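Below, each chain spelled out in residue letters.
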Amino acid sequence: MSPATPIAAVNVEAVVIFGLVVAVTLGITYWASQRTTSATQFWAAGRQITGRQNGLAIAGDYMSAASFLGIAGLIFYFGFDGFLYSVGFLVAFLTVLFLLSERMRNAGKFTIADVLSFRLKERPARVAAALGTLAVVAFYLIAQMVGAGIIIEGLVGINFNVAVIATGSFMLVYVVFGGMLATTWVQIVKAILLMSATVVLSIFVLVRIGGNPIDIFNDAKNQSEDPGAYLEPGLRFDNPIDTLSLGLGLVLGTAGLPHILMRFFTVPDAKAARNSVGWAVGVIGIFYVMTTFLGFGARALLGEAGTTGEVDEAGNLAAPLLAQEVGGGAGSFGGDAFLAIISAVAFATILAVVAGLVISASGAVAHDVWSNVVRKGRDSEHEEVYVARIAAFSIGAIAIAISVIGGSDLNVSYMVGLAFAVAASANFPALLLALTWRRFNTTGAVCGVVVGTVSAILLVLTGPDVADDPLINLTQPGIVSIPLGFAACIIGTLLGREETEAERSFDELHVRSETGLGAETGEAAPRPRQPKQPVAAATGPGRQGA
Amino acid sequence: MGTGQSSATGGSEHHREIDWEAAERSPEFKQLERTKRSFVIPATIFFLAWYITFILLAGYAPGFMGESVIEGLTVGYLLALSQFVMVWVLTAMYLRRAKNVFDPLAEKAVRKAIESARPEPVRPGEARPEEDRR
Chain A
1 MSPATPIAAV
11 NVEAVVIFGL
21 VVAVTLGITY
31 WASQRTTSAT
41 QFWAAGRQIT
51 GRQNGLAIAG
61 DYMSAASFLG
71 IAGLIFYFGF
81 DGFLYSVGFL
91 VAFLTVLFLL
101 SERMRNAGKF
111 TIADVLSFRL
121 KERPARVAAA
131 LGTLAVVAFY
141 LIAQMVGAGI
151 IIEGLVGINF
161 NVAVIATGSF
171 MLVYVVFGGM
181 LATTWVQIVK
191 AILLMSATVV
201 LSIFVLVRIG
211 GNPIDIFNDA
221 KNQSEDPGAY
231 LEPGLRFDNP
241 IDTLSLGLGL
251 VLGTAGLPHI
261 LMRFFTVPDA
271 KAARNSVGWA
281 VGVIGIFYVM
291 TTFLGFGARA
301 LLGEAGTTGE
311 VDEAGNLAAP
321 LLAQEVGGGA
331 GSFGGDAFLA
341 IISAVAFATI
351 LAVVAGLVIS
361 ASGAVAHDVW
371 SNVVRKGRDS
381 EHEEVYVARI
391 AAFSIGAIAI
401 AISVIGGSDL
411 NVSYMVGLAF
421 AVAASANFPA
431 LLLALTWRRF
441 NTTGAVCGVV
451 VGTVSAILLV
461 LTGPDVADDP
471 LINLTQPGIV
481 SIPLGFAACI
491 IGTLLGREET
501 EAERSFDELH
511 VRSETGLGAE
521 TGEAAPRPRQ
531 PKQPVAAATG
541 PGRQGA
Chain B
1 MGTGQSSATG
11 GSEHHREIDW
21 EAAERSPEFK
31 QLERTKRSFV
41 IPATIFFLAW
51 YITFILLAGY
61 APGFMGESVI
71 EGLTVGYLLA
81 LSQFVMVWVL
91 TAMYLRRAKN
101 VFDPLAEKAV
111 RKAIESARPE
121 PVRPGEARPE
131 EDRR
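Protein chains in written order, with our numbering: chain A, 1 to 546; chain B, 1 to 134.
Hints are not guaranteed to be accurate.
[Said to hold, decoys possible] Here are the computed lysine-lysine pairs in the DSBU-like style, where the Cα-Cα straight-line distance is at most 30 Å:
(1) A:Lys271 with B:Lys108
(2) B:Lys108 with B:Lys36
(3) B:Lys30 with A:Lys121
(4) B:Lys36 with A:Lys121
(5) B:Lys36 with A:Lys271
[Said to hold, decoys possible] Label-pair distances were calculated between CB atoms; the ranges are:
(6) A:Ala401 with B:Val101: 43 to 53 Å
(7) A:Ile241 with B:Ala22: 43 to 53 Å
(8) B:Gly63 with A:Ile241: 13 to 23 Å
(9) B:Trp50 with A:Val10: 30 to 40 Å
[What the hints assert, rightly or not] To give an idea of the chain A side of the interface with chain B (calculated C-beta under 8 Å), a few residues:
(10) Leu90
(11) Phe93
(12) Phe98
(13) Pro240
(14) Asn275
(15) Gly278
(16) Glu508
(17) Gly516
Since the hints were derived computationally from the structure, they do not count as laboratory data. Computed from a predicted structure; not experimentally measured. Note that the Cβ used here is the ideal one computed from N, Cα and C, for glycine as well.
Chain A extracted, bound-state conformation (with noise of 0.2 Å):
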C-alpha cells in the first residue's frame, strides 16, 4: 500500500467536479424558477412529476450521507452489525408502500398537518403535526449539515465552517428560487450520480478481488482486527434490545419522515404514488446491496489503513478512500480522479437531502402555521408562496447558524438516529390512526404528537450517548418511544371529547384516502388557469355527460 497523502490539501480535482455539480443544479433551479409562482407548484412540482421521476427522487431524498459514506464506514469497522442499517433503510419502503404512500396522494395537499387536519379540529391539529415536522427536520437537517462540513473538510481540504456555509447557501438558493420542481430535479440527477457512481466502484472493487464476490468477505475478514468476529453480527451492537429499537425505529421512522411523505405530493394520482415507491424500492435496494462491496470492500482493499488513522474515526472516508486506491492509488491521476469523483457525488449526496428537508420545513411553517393558523385560510396564494420562501430562507439560515456554533463536535449519528425515532414515534401514529380510525380525535393527534416527540427526545437526552447516569441502557428510543407515541394517541382519544364532526368527515377522507375521489389534482407549470372542474372530471368517469 502505497504511503498515505494527507487530502487535508485542498483537493483541485475535488473542487473543478464540485463546481460542475453546482453548475449544473444551479441551471436546474434557473429554469425551474421560471415555472414557479403558485403554492401548488412551489410545494408540489405542479404534480406533474412522472412515477418514475419521483421514485428517482425518493432515492435521492432518502439516500444520504449518511447510507453512503456513513454505512460503508460503520461496515468497515464492524462487519455484519454496519450492514444491518442497509436491511432497516430498504424495509422500511414496506410500510411506506402499504400503509401511506396512496393514502397521503389521495388524503394530503402539500403536507402531513393536511391529512390531520382533513378530518380533525385544523388548528390543534396543524400545530401538532408542524411541531412533529419541525422537530424532524432539524435533527435531521442539522446532522446533515455537520457531516457535510467534516466530509468536505476531510476530502476536499476546504474548512469546515466555509463548507458548512456553502452547503446552506446552495441549498437555499434551489428551494427559495426552484422551489419542488428545483429540488425534485437535484435530487434525481443526485440518484444517478450517486448509483452510477457506486455501480462503477463496485466493478472495481470486484474486478480488485479477483472476480468472485465471495472473496470480498473472506479478505475483508482476513484484513480485520478481530476476524473470528468480523462476519458475525455483535461488534457493534451488543446490546440486542438496542438493536431492535434501531430496527423498529427506521422502519417505521421512514413513513413518518415528511421530506419522503411529501413527495407523494409531487405525482398526478395514488397509481403514480405506488409506482414511484417501486420504482424507489429498486433503486435504493441496489445501492444497499452494494454497501457490500463498498463497507467490506474498503476492509477487504484498504485493510490495516483503518487502524493506522488513515480513515477517519467515523469511518466516512472508507469509501471515498476505496475510490482513490482501485483508481490506482494515492498520488496517481486515477486514483485523484476518482476520489475527486466520489467526493462530488458524496456532495451532491447532501444537497439534495437537505433540499428536499428545508421545503418540507417551509410547508410546516408557511402552509400550515401561517396560513392556515395565523391566518385562518385568508391570506391569497401570492401570500403564502411568498411567507413560504421567507420560511425556507430563515430555516435554511437557523440551520447554517447552529451547525457553525455546534461545529464538528455535534454527535452527528445520534442526531439521525434521533430524528427516525420522533418520525416513528410522533409522525406515524397519528397519521396512520387518523387515516384508519374512526373514533380517533383532535386530543388523541395532539398527545400522540406531543408525547412521542417529548419521550424520544428525552429519552435520548438521559439515555447513554449523552448522560453520565444513564436513566435507560438504550441508545436507541424507538421501542420505548413509538409504543408510547401510540399509546398516547389513543388515550388522548378515549379521554377527549367524541368529535361528531371529526366522525362524519371520516367518512369522507376514508372514501377520499382508499379511492382517491375528491383528492387534489394537478396543475401544469406554463397553461394559465383550468376552470374549476367538478369531481368526475377528475377522478371517474364522465358524470358531466349524464
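Given the coordinates of chain A, assemble chain B onto it according to the supplied hints.
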C-alpha cells in the same frame, strides 16, 4: 390558480354533492376495503415478523449468524439478502394486485358514489366554468 381560495382547507368544498357517509357504507367500498385488507394486513405482519426475527437472531444468536454456508458467505449475510428479496417480491406483488384488483374495485366504488350522489346544489358563488374568466 386552479384551486382558488378553498384550496387552503384541502379543496373539499367542491365535493359537497357526494354523500360520503353512504359512499363509505356502500357494498362496493366495503368490498374494496376488505380486499385490500386481506392483502395488506397479512403482508405487513409477515414482513415485520421476518425483519424482527432477523434482528433478534443477530442479537441473540451471533454464532449461528456467523456460520459459513460457503467459506466466507455467512448465514447472517444470506438472511440479510433474504430481506432485500422479500422487499422486492412483496412490492411487486402489491403493485400487481393494486393494478389488477384494487384499482377496478376502487373505480366501482367511485362510480357508485357518483351515481348515488345528491343532485348538485346550485349555489350562488360557485362559479360555472364559463363564468370563470381569465
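Do the hints match the structure? See the list:
no.	hint	result
1	A:Lys271 with B:Lys108	holds (16 Å)
2	B:Lys108 with B:Lys36	holds (14 Å)
3	B:Lys30 with A:Lys121	holds (27 Å)
4	B:Lys36 with A:Lys121	holds (29 Å)
5	B:Lys36 with A:Lys271	holds (15 Å)
6	A:Ala401 with B:Val101: 43 to 53 Å	holds (52 Å)
7	A:Ile241 with B:Ala22: 43 to 53 Å	holds (49 Å)
8	B:Gly63 with A:Ile241: 13 to 23 Å	holds (19 Å)
9	B:Trp50 with A:Val10: 30 to 40 Å	violated (48 Å)
10	Leu90	holds (5 Å)
11	Phe93	holds (7 Å)
12	Phe98	holds (5 Å)
13	Pro240	holds (2 Å)
14	Asn275	holds (7 Å)
15	Gly278	holds (5 Å)
16	Glu508	holds (4 Å)
17	Gly516	holds (7 Å)
The structure fails to meet hint 9 from the earlier list, while all remaining hints are met.
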